[in-house]
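Chemist: Single-letter residue listing:
There are 2 protein chains.
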Amino acid sequence: MSGKNIVVAGATGAVGIEILKVLEKRKFPVNNIRLLASKRSLGNKLTFRGEEIKVEELTKDSFKGMDIALFSAGGSRSLEYAPISAKNNCVVVDNSSAFRMDEKVPLVIPEINPEDIKNHQGIIANPNCSTIILLMGIYPIYQLTPIDRIIVSTYQAASGAGAQAMQELIDQSEAYLHHKTIEKNIFPHQIAFNLFSHNTPIDENGYNTEEIKMVKEVRKILHNPDIKVTATCVRVPVLRAHSESVSLELQNRLGLNQIREAINQFSGARVVDDREKNYFPMPIEASGLDDVLVGRIRYDECFNNGLAMFIAGDQLLKGAALNAVQIAEKLL
Amino acid sequence: MSGKNIVVAGATGAVGIEILKVLEKRKFPVNNIRLLASKRSLGNKLTFRGEEIKVEELTKDSFKGMDIALFSAGGSRSLEYAPISAKNNCVVVDNSSAFRMDEKVPLVIPEINPEDIKNHQGIIANPNCSTIILLMGIYPIYQLTPIDRIIVSTYQAASGAGAQAMQELIDQSEAYLHHKTIEKNIFPHQIAFNLFSHNTPIDENGYNTEEIKMVKEVRKILHNPDIKVTATCVRVPVLRAHSESVSLELQNRLGLNQIREAINQFSGARVVDDREKNYFPMPIEASGLDDVLVGRIRYDECFNNGLAMFIAGDQLLKGAALNAVQIAEKLL
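Residue numbers (the working numbering), protein chains in the order written: chain W, 2 to 333; chain Z, 2 to 333.
Hints in this document: simulated from the structure, not taken from any laboratory.
From a predicted model like this one, the values you see are computed outputs, not experimental measurements.
Errors might be hidden in some of the hints.
Which copy is meant is left open, so a pair is good if it fits within one copy or across any two.
When the alpha-carbon atoms are kept at most 20 Å apart in a straight line, the in silico EDC-like pairs for lysine to aspartate or glutamate are as follows [what the hints assert, rightly or not]: (1) K185 <-> E286; (2) K217 <-> E53; (3) K181 <-> E286; (4) K5 <-> D292; (5) K217 <-> E302; (6) K88 <-> E104; (7) K185 <-> E112; (8) K185 <-> E57.
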């Protein structure tokens with residue numbers, strides 16, 4: 002396979018750095034790679050396949066002669082530069098929310114709806130991290146029976162707000178332990194030894210943007226506008242993996258072993274569900290893993306065909322960088 | 002009002018220490034007070050109303066001439082000594098789970114079912130902390146319309162496992178930040194910068210003991226064996242207040258302002274629900290408060306008459322010590 006010319010926009014961010022690692026680990030056929038960031042990061046160097054590469058500024062001229070651009074530089078930069086990249090025949094895989102609900106843009110989890118990729122018009126959107134982690138856990142079940150209702154409460158790591166937010170959790174924890182002043186720069190509330198409702202704007206219906214993303218993206222990815230979804234998104238003092246407590250109402254009753262088998266056979270998910278040892282998915286164990294972990298699988302006694310579960314997945318990997326690179330692989 | 006002779010069993014524990022503070026703060030009419038603990042704590046002294054009091058050993062002779070015993074010394078000690086206390090006409094308010102589901106023992110939240118107290122036969126049970134915090138948030142709504150379904154996911158603080166568990170969270174956080182070995186003595190899994198399914202045994206239906214307590218205790222307190230309840234209980238790296246993400250299916254649709262007003266008018270609960278400022282209940286703000294905080298109040302789009310909310314309450318106060326002392330006040 003001939004190598005591709007790859008752009009990574011937002012290369013110095015938490016997701017950008019993971020994208021480089023994932024490209025390398027998965028032996029993605031890279032010919033040239035261009036690492037782009039905002040002016041602040043110019044002059045920085047990043048290592049890819051043992052080679053030091055200078056970070057360049059993201060401009061409208063960044064895409065000429067390039068094949069695939071992996072964007073993770075924030076919504077406003079995606080809105081400005083992704084169309085320019087597409088016009089240069091450099092296909093965009095965009096990590097931001099800018100184009101996710103655009104009808105002309107496929108929203109893809111490669112294990113779930115890879116066939117949507119072929120309809121792209123130059124931009125493919127990577128779903129929200131919480132959406133990906135949720136769907137990786139429940140899609141094996143959805144393949145066995147329709148799901149009527151999804152009720153999810155999240156336990157989201159600092160990484161979802163970027164590298165500086167992870168550092169803020171560390172700095173605040175250190176300050177708290179040593180009775181020093183806790184400084185808030187990234188999050189609006191103290192994150193160390195605390196938790197708070199996801200700090201995105203609240204819609205008139207009372208849901209925040211993160212929750213609305215989950216609802217709408219689940220429907221788009223499943224091509225199922227009728228599925229009932231409710232989410233409560235909460236930020237917790239964990240560094241980089243998201244967890245989710247999920248209740249489902251299924252149309253048909255399934256066996257629990259059948260469900261466990263389906264999850265284990267589904268590429269990208271793995272059952273961690275040892276009741277005797279009280280050993281279930283935990284963010285420290287999901288961190289650094291490609292697989293999403295699924296456990297606490299039990300009948301949910303609130304519904305006739307109810308099912309409850311607890312899911313944990315690396316927000317930076319399957320929740321962002323890995324999923325983006327997997328989409329790029331499908332473009333090869 | 003003449004003073005009562007009070008026993009505090011488990012006086013040196015996290016809850017016991019709060020009981021002393023609450024008795025003092027609420028000017029509970031105490032004549033004599035006897036502070037009891039296991040042999041390990043003998044010789045310790047605790048301060049009550051400015052006076053140093055020696056900790057004595059809990060024995061079967063501890064209750065003669067005493068009026069009310071506040072137990073928070075673990076289930077096995079409650080099972081052994083609470084009946085002895087009751088025989089000595091010293092009414093027990095028991096914080097453990099030992100007697101909660103006993104038909105002869107009232108299970109009481111004084112704001113909700115105070116009338117149950119009068120049926121006691123010497124022992125009154127204090128509900129599980131997560132149950133109290135949940136019901137304090139939703140009972141004002143239940144007074145307006147029956148609730149068919151309660152779906153709750155918890156974010157439980159280390160305090161629920163006692164003072165040593167709180168110290169373990171601090172010690173592990175310190176060790177993590179300074180790249181030292183993380184020691185696990187109280188919790189089976191790392192708690193610092195992590196979270197895990199509540200570490201109580203799992204029943205054959207897949208629910209853990211904490212979750213089953215919530216289901217059964219909600220039904221008993223509300224005298225409503227038919228209400229559908231499902232809980233997922235999770236331990237998070239927070240020190241002392243529990244949070245809960247709740248979805249309800251109501252029998253009738255209520256106005257959101259009507260609900261907010263009902264919560265604010267309910268003694269012991271308070272609305273914290275500023276959508277514009279993204280300001281909702283947080284455990285650091287619930288810590289040290291008597292009131293349970295309720296926010297994120299919105300229609301839950303998963304149900305016809307759905308309602309979602311987020312609740313935070315001090316596990317050691319309303320979740321334990323305060324509720325116990327309030328029960329004792331009703332005995333006066």
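Chemist: Take the hints in turn and mark each one as holding or not.
Modeler: Hint check results:
Taking CA atoms no more than 20 Å apart as the test, K185 paired with E286 passes between copies only; the shortest distance there is 16 Å, against 28 Å inside one copy. When the C-alpha separation of K217 and E53 is checked against a cutoff of 20 Å, the pair qualifies neither within a copy, at 40 Å, nor between copies, at 61 Å. For the identical chains of this complex, K181 and E286 are inter-copy neighbours only, at 18 Å across copies versus 30 Å inside a copy, given an alpha-carbon limit of 20 Å. Taking the closest pair of Cα atoms, K5 and D292 never come within 20 Å of each other, the shortest separation being 26 Å inside a single copy and 60 Å across copies.
With identical chains, the CA atoms of K217 and E302 are at most 20 Å apart between copies only, with a shortest distance of 12 Å across copies and 27 Å within one. With identical chains, the CA atoms of K88 and E104 are at most 20 Å apart within one copy only, with a shortest distance of 18 Å there and 73 Å across copies. For the identical chains of this complex, K185 and E112 are neighbours neither inside a copy (38 Å) nor across copies (37 Å), given an alpha-carbon limit of 20 Å. When the C-alpha separation of K185 and E57 is checked against a cutoff of 20 Å, the pair qualifies neither within a copy, at 30 Å, nor between copies, at 46 Å.
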